[in-house]
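Chemist: So you can see what is in the structure, the chains are spelled out below.
Number of protein chains: 4
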Amino acid sequence: MFIEKDLFARHVGIELIEMAEGSAKARLKIQKHHLNGVGLTQGGVVFTLADLVFAAASNAYGPVAVAINASISFVKASTEGAVLTAEAKEVSRNRKLATYTILVTDEKEETVAIFQGMVYIKPSKK
Amino acid sequence: MFIEKDLFARHVGIELIEMAEGSAKARLKIQKHHLNGVGLTQGGVVFTLADLVFAAASNAYGPVAVAINASISFVKASTEGAVLTAEAKEVSRNRKLATYTILVTDEKEETVAIFQGMVYIKPSKK
Amino acid sequence: MFIEKDLFARHVGIELIEMAEGSAKARLKIQKHHLNGVGLTQGGVVFTLADLVFAAASNAYGPVAVAINASISFVKASTEGAVLTAEAKEVSRNRKLATYTILVTDEKEETVAIFQGMVYIKPSKK
Amino acid sequence: MFIEKDLFARHVGIELIEMAEGSAKARLKIQKHHLNGVGLTQGGVVFTLADLVFAAASNAYGPVAVAINASISFVKASTEGAVLTAEAKEVSRNRKLATYTILVTDEKEETVAIFQGMVYIKPSKK
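Chains as they are written, first to last, in this note's numbering: chain C, 1 to 126; chain E, 1001 to 1126; chain A, 2001 to 2126; chain Y, 3001 to 3126.
For the record, the hints were derived by calculation from the structure and aren't laboratory data.
Idealized CB from N, CA, C, for every residue including glycine.
Each hint should be verified, as a subset may be incorrect.
[As the list claims (entries may be wrong)] Here are a few chain A residues that face chain Y, going by a calculated C-beta distance under 8 Å:
# : residue
1 : His2011
2 : His2033
3 : Asn2036
4 : Gly2037
5 : Thr2048
6 : Asn2069
7 : Ala2070
8 : Phe2074
All chains should be built: construct the whole structure from the sequences, respecting the hints.
Modeler: What follows is the structure, encoded as structure tokens:
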């Protein structure tokens, strides 16, 4: 599956744990190179983790689903040593568009971020 | 300035070009490790580029500004060899909250993504 | 409670059903004056319904909570005669900021829209 | 044009001033029935004003464009007597999707809210 060939997710160090039609789960242990200038996990790291499960959950059906929109609220900071988990849940899906909610939590099961995203499903080639 | 110490931005390869109170500009040349499983620039890469100028523009005043919310619309795909530029513009700023719009364009000056973000400005320590 | 004095919610015809710390529920029967130019429920109507439970859930604690950001994804159209219900759930709350997810469903319990919002909690007057 | 038949915009009292392909402008004088429980303009009012120019700008080309996503940041409160103006600007448009930024300002030309929205363009009937 192409999600496993995501080179950027690999560069960041994200591990995809589960992937099914409409749901997915991934994990990332925060290391030094994930930090921003004040020593906290960079927003882009949290987004990328959420985005990967968003892509996995929406593409698991087969047809290519392209992210067109995402909103993220950052609610708790984290730093080196934290273990972040992202879980995607499908809110809706029709022939052209699908919507997902992704919750990012830390090892204490506290919410780190909440992400809401929409994909456009490409017409499949015949 | 702490933005220059952003380890994740360095890990991704982003170059901060300009930074002033309320505005900033950064650039990223897309390489193989920025791609997703279908060979396009990963959404997290585009977000991280936008997020860096968002952080730079909002923190240039001095007091620490923490991202609390961001929305991104992806409007054009890009791939290896593309040169993406993100520019942040301040929409509003009061004592506690500030809002920024970030436009991400490619080397043809076409829009790749638009990003809207809000920061919470921490009370400065005395 | 001041939510009950919301004149615009009354003008639109929204009925607040439940309100507790961190949660709220409201209902609206779609009538002719809620429709847009193509005969469907106007986006502003759905937003206003979601926004009311967002305000109710975040203000039920006492201190004034001001909406600073909201994202809404519209996933199913509705029209005259539909009965829309919005339910707010708290995702996170600290001293200054709180985040809510609101699900808007129709009388068939199908998702009409999903809304994610953040409030800034005003320091309480002594 | 169907935007002029928007019954909810009429119910709210919004006046559409300009409408062209990719841009639109509307105005609303805030009255008592636009206020929330603390005497300020209700968020749903500001959203509805922005949403109308979003619909006008995206539908002016002809094919029906349906709002699928919107993010709004509220940056300045207003109250009875304020005159709010919303202006839509097109960020991108392809065959299926288009993105708009809407700025809502008051009579002092200060920013009240910023709105970013995406539409799905329906295939035109032959």
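Chemist: So, for every hint listed, does it hold in this structure?
Modeler: Now the hints, each set against the structure:
Because the beta carbon of His2011/A sits about 4 Å from the nearest beta carbon in chain Y, less than 8 Å, this interface hint is met. At a threshold of 8 Å, the smallest CB-CB gap from His2033/A to chain Y is about 4 Å, leaving the interface hint in force. With its C-beta approaching chain Y no nearer than about 5 Å, Asn2036/A sits inside the 8 Å limit, and its interface hint holds. Checking Gly2037/A against chain Y by beta carbon gives a least distance of about 3 Å; that is within 8 Å, so the hint holds.
Because the closest C-beta pair between Thr2048/A and chain Y is about 3 Å apart, less than 8 Å, the hint holds. For Asn2069/A, the suggested interface contact is upheld, since its CB lies about 5 Å from the closest CB of chain Y, less than 8 Å. With its C-beta approaching chain Y no nearer than about 5 Å, Ala2070/A sits inside the 8 Å limit, and its interface hint holds. The beta carbon of Phe2074/A comes within 6 Å of a beta carbon in chain Y, closer than 8 Å, and the hint placing it at the interface holds.
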